[in-house]
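J.: Listed below are the residues making up each chain.
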Amino acid sequence: MKQFDAEILENRELAEDYFEMFLSWPDGVRVPFPGQVVSFRVDRSITPFLRRPFALASFQRETRVASVIYHVRGPATIRMSEKRKGDVIDTLGPRGFYFQLGKERNALLVGGGVGTGPMVFAANWLAAKGFTPRLILGYRHGGLVPQLDLLPLVRLSICTDDGSHGFRGTTVNFLESLSPDEIDDAFVWACGPNPMLKAAHFWAHPQGIPCKVSLEEVMACGVGACVGCTVETTDDRKTARVCTEGPVFASEVIRWT
Amino acid sequence: MDLRFRLRDAIFSTPVGVASGTFGYAKEYDGLVDYRRIGAVYTKAITPEPRVGNPSPRLVETPAGMLNSIGLANVGVRAFIEHKMPFLRKIPSLVIVNVAGALDSDYEQVVEALEGVEGVDGFEINVSCPNVKHGGLALGTDPRLVAGITKSLRARTKKPLILKLSPNVTDIALMAEAAEAEGADAVSCINTLVGMVIDLKTKRPVLPFGTGGLSGPAILPVAVAAVYKVSRRVKIPVIGIGGITKWEDAVQHLLAGASSVQVGSGTFANPKLAEEVNDGLLAWAWEEGLTSLEDFHAFCR
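Top to bottom, those sequences are chains A and B.
Sequential numbering of the first sequence, starting at 1, is according to my numbering.
Sequential numbering of the second sequence, starting at 1, is according to my numbering.
These aren't lab readings, by the way, just hints derived from the structure by calculation.
Heads up, a few of these hints could be off.
[Stated by the list, open to error] 30 Å max Cα-Cα, derived DSSO-like pairs, lysine-lysine:
#1 Lys83/A <-> Lys129/A
#2 Lys85/A <-> Lys103/A
#3 Lys2/A <-> Lys27/B
#4 Lys238/A <-> Lys158/B
#5 Lys151/B <-> Lys203/B
#6 Lys235/B <-> Lys2/A
#7 Lys85/A <-> Lys246/B
#8 Lys238/A <-> Lys198/A
#9 Lys238/A <-> Lys151/B
#10 Lys2/A <-> Lys129/A
#11 Lys246/B <-> Lys83/A
#12 Lys158/B <-> Lys246/B
#13 Lys2/A <-> Lys90/B
#14 Lys201/B <-> Lys238/A
#15 Lys85/A <-> Lys198/A
#16 Lys90/B <-> Lys85/A
#17 Lys272/B <-> Lys246/B
#18 Lys83/A <-> Lys272/B
#19 Lys90/B <-> Lys246/B
#20 Lys129/A <-> Lys238/A
[Stated by the list, open to error] Over the 12 Å line for every Cβ pair with chain B, so calculated as not near, a few chain A residues:
#21 Lys2
#22 Phe19
#23 Ile46
#24 Arg61
#25 Ala127
#26 Asp149
#27 Arg155
#28 Gly169
#29 Asn173
#30 His205
#31 Gly208
#32 Met219
#33 Cys243
#34 Val253
In this text, a Cβ means the ideal position worked out from N, Cα and C, and glycines have one as well.
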């Protein structure tokens, strides 16, 4: 993990209030993996006061360009959306445990809202390794569905709550609709709102399908010092810091409430 | 110019330290900071036994600040000695262990366990945590209790003993006087202020126990006023904490009467804050021709 000024190469709107910001990734900063996060100090003002963590949405090894997909929903992300090509942003990262492969080969990647970015990163990363991942993304309505750069091997399924685009229903409703063949040798990686992650866990776990989830919590330091971003766990630790022991956890480790 | 500050055998090589609870056990910031430019690391509060801390959410951002309700989550004194001290011993900063507990005996146990440990340069006694039900803030709001704990710990340590005071009292200087009378070497002020944020969606407080501790730039003037008041009422040094997010803020603390400062939650936004504050205030002192802490303290007398 390093602190560096990243140059903004592009900052574009993908869907209603969803933006993708592309950043130069300096030499000497470690190559990031899907699930890892960066935190930005958006500017030097004292409100908002804290850095903002974001999971990476892409990384191009050849050009060393990384990106994050973010939802414009408060003062920090409004200011991020106003940044232009050539501006720099104070960046800390890459940080945290990433999604790691087990022995299963059938990737079911579930994302929604701001969880879109890391699942797109994971899908392209797996496709580059020869997998044919299913990328299942959920949105409230069609206006929120982003334009995404996906490798040809990625099989995209869009779900909307109102049926205005793709499958009508939640991402987990979509998982439930898959045939036994389609979930053979499967594993689930998920990132998005907590109810989605919980539902993905309770779909996968009873069937013995390994499920990993990437969690979001309010963070202060983002480096493990403040112990503010904890979640309750089912193991001896009782709690774990999302920034340090996460953000990616095996879903059975989380105490779902 | 000599802004070094001494407490017993401990010499603070720079006037800027990093406050307890905002810097973990120092290793968390390894690779991001230059410890040579951090005078002292005040560790996460240590209790006799490990503590998991409070339920989440533990943090909420506020105008120019934040509330925390961590609840003294820490590894406990044994694991601290075994797993955290080896790194702390290696860094050039002084290591001041922040000590917390529910009962007087908790504080005594921690100080006794650490008194002989190499690399522990002093103790900061947390009688001001707003996020635990017993000890903490309750202890720090009664001068008789502050006197009692100071006396008892003074008998147990020859190392620097600093009492960390709460602003959540009518007269903070009363607590400082009580600590001074029983042999404290310094007081640090201020700990966080009690605050609350209510969520309009749930119509209930965001934090699990309702209130949390307010820190950040919002509390700078409260902290400066407390340092000003306390430094007039006691002869022992005052360590200023609260609201520092740039070197000018630290200068205000020193001018108000502080002999040293700690940067706190400002480090969350800017890991290099302590170093930048240190460099900025030294440069300013040089330009202004202030060569000692006495020079700083001369103006607001």
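J.: Take the hints in turn and mark each one as holding or not.
T.: Right, here's what the structure says about each hint:
1. A threshold of 30 Å between alpha carbons decides the hint, and for Lys83/A with Lys129/A the separation of about 34 Å lies outside it, so the pair is violated.
2. For a cut-off of 30 Å, the pair hint linking Lys85/A to Lys103/A is broken: about 41 Å separates their Cα positions.
3. At most 30 Å may separate the alpha-carbon atoms for a hinted pair to count; Lys2/A and Lys27/B meet this at roughly 14 Å.
4. Of the pairs offered as hints, the one joining Lys238/A and Lys158/B is violated, with about 37 Å between alpha carbons and a cut-off of 30 Å exceeded.
5. This hinted pair does not check out: Lys151/B and Lys203/B have alpha carbons roughly 45 Å apart, beyond 30 Å.
6. Proposed proximity of Lys235/B and Lys2/A is contradicted: the alpha carbons are some 43 Å apart, above 30 Å.
7. With a C-alpha separation of about 28 Å, the suggested pair Lys85/A and Lys246/B falls inside the 30 Å cut-off, and the hint holds.
8. Straight-line distance between C-alpha atoms of Lys238/A and Lys198/A comes to about 18 Å, which keeps the hinted pair within the 30 Å bound.
9. A C-alpha spacing of about 36 Å is found between Lys238/A and Lys151/B, which places the hinted pair above 30 Å, so the restraint is violated.
10. The hinted pair formed by Lys2/A and Lys129/A meets the criterion: a straight-line CA distance of about 27 Å does not exceed 30 Å.
11. For the proposed pair Lys246/B and Lys83/A, the alpha carbon gap of about 24 Å is at most 30 Å, so the pair holds.
12. The straight-line distance between the Cα atoms of Lys158/B and Lys246/B is roughly 34 Å, outside the 30 Å bound, and the hint therefore fails.
13. For the given pair, Lys2/A sits about 21 Å from Lys90/B by alpha-carbon distance, which is consistent with the 30 Å threshold.
14. Distance hint between Lys201/B and Lys238/A is fulfilled; the C-alpha atoms sit about 29 Å from each other, no more than 30 Å.
15. A hinted pair counts as satisfied when its Cα atoms are at most 30 Å apart, and Lys85/A with Lys198/A does not qualify at roughly 38 Å.
16. A hinted pair counts as satisfied when its Cα atoms are at most 30 Å apart, and Lys90/B with Lys85/A does not qualify at roughly 42 Å.
17. Between Lys272/B and Lys246/B the alpha-carbon distance is near 11 Å, which keeps this suggested pair within the 30 Å criterion.
18. Under the criterion of a C-alpha separation no larger than 30 Å, the hint pairing Lys83/A with Lys272/B is consistent with the structure, at around 24 Å.
19. Note on Lys90/B and Lys246/B: the hinted pairing holds, with a Cα-Cα distance of about 28 Å set against a maximum of 30 Å.
20. Taken as a hint, the Lys129/A and Lys238/A pair is broken in the structure, with Cα atoms around 36 Å apart against an allowance of 30 Å.
21. The Cβ of Lys2/A sits about 7 Å from the closest Cβ of chain B, inside the 12 Å cut-off, so the non-interface label is violated.
22. The claim that Phe19/A lies off the interface holds: its Cβ sits roughly 21 Å from the closest Cβ of chain B, which is beyond the 12 Å cut-off.
23. Residue placement check: Ile46/A does not keep its beta carbon more than 12 Å from all beta carbons of chain B (closest about 4 Å).
24. Every CB of chain B lies more than 12 Å from the CB of Arg61/A, the least distance being 23 Å, so the non-interface label holds.
25. Here Ala127/A stays apart from chain B, with its beta-carbon at least about 33 Å from theirs, past the 12 Å limit.
26. In this structure Asp149/A is separated from chain B by more than 12 Å, as the shortest Cβ-Cβ distance comes to about 32 Å.
27. Under the 12 Å C-beta cut-off, the non-interface status given to Arg155/A relative to chain B holds; the minimum distance is some 36 Å.
28. Interface exclusion of Gly169/A from chain B stands, the closest Cβ pair being 25 Å apart, more than 12 Å.
29. With 12 Å as the threshold on Cβ separation, the claim that Asn173/A sits away from chain B holds: the shortest Cβ distance comes to roughly 25 Å.
30. The claim that His205/A lies off the interface holds: its Cβ sits roughly 22 Å from the closest Cβ of chain B, which is beyond the 12 Å cut-off.
31. Distance check for Gly208/A against chain B: the nearest CB is about 29 Å away, which clears 12 Å, and the non-interface claim stands.
32. For Met219/A, the requirement that its beta carbon stay farther than 12 Å from each beta carbon of chain B is not met, with the minimum near 7 Å.
33. Its beta-carbon lying about 10 Å from the closest one in chain B, Cys243/A breaks the requirement of being farther than 12 Å from that chain.
34. Against chain B, the non-interface label of Val253/A holds: every CB pair exceeds 12 Å, the least being about 15 Å.
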